[in-house]
Amino acid sequence: MSAERPARPDYYDYTYDMFIASIDGEQSEAVRFSEWIDAADRDGVYAFEAPRLEAQKTEVRARRADGTPLHLLNFSSYNYLGFGLHPEVIEAAKQALDRYGLGACSSPVQAGTLALHKVLEERLIDFIGLPDRGVSLFSSGYGVNTGTISALMKRRHHIVIDKSAHMSILEGAQLARSKVHYFEHNDIDHLAEILKEIAPEASRILVCTEGVFSADGDFGALDRIVPLAKSYGAQVLVDEAHSFLLCGPHGRGAAEQQGVLDQVDYLVVTFSKALGGVGGALIARREIARYVNWYARCRMFSCALDPAVTAGVTRGLELGAGSDGQERRTRLQKNATLLRDSLLGKVEIGRSRSWIVPVIFGSETLTIPLADWLQRHGLEGSVMSFPAVPVNEARIRLFVTSEHTGEQIGRCADIVAEAANELGFASRPAA
Amino acid sequence: MSENLDSVAGLPMVINWRLIGHVFCTWEIGMDAVEKILPTRLEPVELRPGVGLLSIGCLRFAKGHFTADAPEFNEIVIVVHVQPDLSVAMPQPRFTFYAHSVVSDSVNFVDHEAREIFTPTEHVPSLQLDFSPDGLGVRAWDEDGPFLELRSTAPASAFTPALIWGQYYSQIGRLRHGIWNWQGTRFEHMQRGDPGKPMPHPYFRGLDVSKVSSCYRQMYAEPGRVHNERFYKVRLLD
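Just so you know, the protein sequences line up as chains A and B, in that order.
According to the numbering used here, the first sequence is numbered sequentially starting from 281.
According to the numbering used here, the second sequence is numbered sequentially starting from 132.
For reference, chain A alone in the conformation it holds in the complex (with noise of 0.2 Å):
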């Protein structure tokens, strides 16, 4: 007996499922991935990992693993505000890397603390505008989460996290082993609910939350989630990974922009995103910064921030608390409309109300010739696919930056309109 199959390799039903595992003991998972990859490689569709060759500006050089060069519109960097290539950043790494040299070359708690470090440290306070707080900053924005979640909750603490949080406060909730619990994404009802049920009975009570979701790019509810939180005798805490600098009347993100900024317990910040470096910082009351210093382990057990990357990152934490910051903001989110309503009717763009656009395509198997397809024709986002997200809700996040230019964004616009009708996936007109 045989069955006809769709005429398509496998590697289009299976982008790589991050579940899968094996329980033979030679990791056969790896071997499988490792296929994966060669497969979509030999037959030339593999997009991923295309090195560039240049800085992420919006429009950057790239390379194929088979030597295709690629000149590409770059909507896939979270150099939101350009911060990364800023003359100004650019020129205080130069001169840290002279002074500091390379590396940080100890811990923070014991060698590592450099000057730098105190100036960004004093910075942030003075930008964040609340002077009883203190910084603990971290060589990753993923430690701040993983090493304060695990370093401030323990096995009979209760963490409450939003289902679409990012991995890191999950892994840090799996490294605290507190009681988990789960609130459908910016349902105040069911938190509400979970904190009825654990509120009597628990010593600590930590909420978790976002100011803007990676995957749609919609804000956090915190004008409901940080007062209900607060009213069941929770701490909250909010990553701003992706509003940090961005939103809110001083740029101070997301609980600033929605009024609950003093409120907010940890605020959780990153380098990467708007500040164009790495590493992030966990902005709290003095006591606590000072605690997940010495406490979260991967601060303590990793080396400090490097010198050239801290004194880039002050000087655009200078220029995004100025009128340039506040200029770029402005520019930030018209560019951000200006996309989203070049899209609109064309193809279907969820909930998104800000700088990261998702364009949902549906099946997973497009994953694989849409990204090939779309770096092709000169355009590049983020590509996103099953189980990171729902199944037949795939889709490809378009990264807004205030540097993208409108022909920039109407280009852009135009080569994902070209994709939907091509690969079908344009969204139909209402009957």
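These are computed hints drawn from the structure, not numbers from a lab.
Keep in mind it's a predicted model, so treat the numbers as computed, not measured.
Cβ atoms here follow ideal geometry from the backbone N, Cα and C, with glycine treated the same way.
Take these hints with a grain of salt, some might be off.
[What the hints assert, rightly or not] Using 20 Å as the maximum straight-line C-alpha spacing, the simulated EDC-like pairs for lysine to aspartate or glutamate come out as follows:
hint : chain 1 : residue 1 : chain 2 : residue 2
1    : B       : 342       : A       : 473
2    : B       : 328       : A       : 473
3    : A       : 434       : A       : 567
[What the hints assert, rightly or not] Chain B residues, not near chain A, derived (Cβ > 12 Å throughout):
hint : residue
4    : 194
5    : 247
6    : 322
7    : 340
8    : 367
[What the hints assert, rightly or not] Sample of chain A residues lacking proximity to chain B, with all beta carbon distances greater than 12 Å (derived):
hint : residue
9    : 308
10   : 311
11   : 422
12   : 461
13   : 498
14   : 504
15   : 658
Here the structure of chain A is known, so what remains is to put chain B in place on it, guided by the hints.
Only chain B this time, still in chain A's reference frame:
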């Protein structure tokens, strides 16, 4: 491209079931409940820290299995999701289950399962399944009371053809491993909402169903068509 489905990984097909009704729903469930029922060798799928996956399948088999005039019959299968054995030379398994509990109103089916598939199958003559005419819902009950009432949470449906490969483990005394595939036309989705939850029932055999939380994924086979579910020769793991 065509594919030979008579055997896989050197293992011959032992049965090709013809299904005329199939609803398969997956819920999130506390990992503590999953770990209590799993053989130690198996690794549960952990969707998020502390969250595993439980699935329930309601199946109606076409007439003519076992004998030419045999009537339609029903099956309910309760499984938890576990990691596969990827050293087996087969297409990528999309789902892998530990078969925790199976019930059927067909004594022939129960005999077949015990002989060839080795799932823990119980004969329940009073088992009743009521599939909705559009295929997007099912009710299940027996003389002990209601077991499940499901209704798709998607506002619209689109049935598409699929060939899905999977693996399963079962333990009746010894741990066994098997391969299956499902071929047919189905609608799968993960849209939010409450399609219904399983009710406490003897079928769960010690699995704490109170640990079930929200629905994760739903699959409905297209009504009016015949779908196939094939099983291959089982191998011992211990």
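**Study point:** Minimum Cβ-Cβ distance from residue 322/B to chain A exceeds 12 Å
**Key:** With a cut-off of 12 Å, residue 322/B comes too close to chain A, as the shortest Cβ separation is near 8 Å.
Practice item. Quickly compare the C-alpha distance for residue 434/A and residue 567/A to 20 Å and report which way the hint goes. Key: holds, 18 Å
Practice item. Assess, step by step, whether the Cα of residue 342/B is no farther than 20 Å from the Cα of residue 473/A, and give holds or violated. Key: This hinted pair holds, its Cα atoms lying about 16 Å apart.
Practice item. Determine whether the non-interface label on residue 247/B survives the test: each CB of chain A must be over 12 Å from its CB. Key: holds, 18 Å
Exercise for review: Find the nearest Cβ of chain B to the Cβ of residue 461/A and say whether that gap is larger than 12 Å.
Suggested key: At about 9 Å from chain B, residue 461/A fails to clear the 12 Å cut-off, so the statement is violated.
Practice item. Over 12 Å to the closest beta carbon of chain B is the bar; see if residue 498/A clears it. Key: Correct as stated: the minimum Cβ-Cβ distance to chain B is 14 Å, above 12 Å.
Check your understanding: For the pair supplied as a hint, residue 328/B and residue 473/A, is the alpha-carbon distance within the 20 Å limit?
Key -> holds, 18 Å
Review point. With d taken as the least Cβ-Cβ distance between residue 422/A and chain B, does d exceed 12 Å?
Key: About 15 Å separates residue 422/A from the closest Cβ of chain B, which puts it past 12 Å; holds.
Point to revise | chain A versus residue 367/B - minimum CB to CB distance exceeding 12 Å, so not interface | key: Answer for residue 367/B: holds, closest chain A Cβ roughly 14 Å.
Check your understanding: Regarding the assertion that residue 340/B does not contact chain A, is the least Cβ-Cβ distance greater than 12 Å?
Key -> holds, 18 Å
Review point. Are all beta-carbon distances from residue 194/B to chain A longer than 12 Å?
Key: holds, 21 Å
**Study point:** residue 308/A non-interfacial with respect to chain B [C-beta, more than 12 Å]
**Key:** violated, 4 Å
In this structure, the earlier hints numbered 6, 9, 10, 12 are contradicted, and the remaining ones agree with it.
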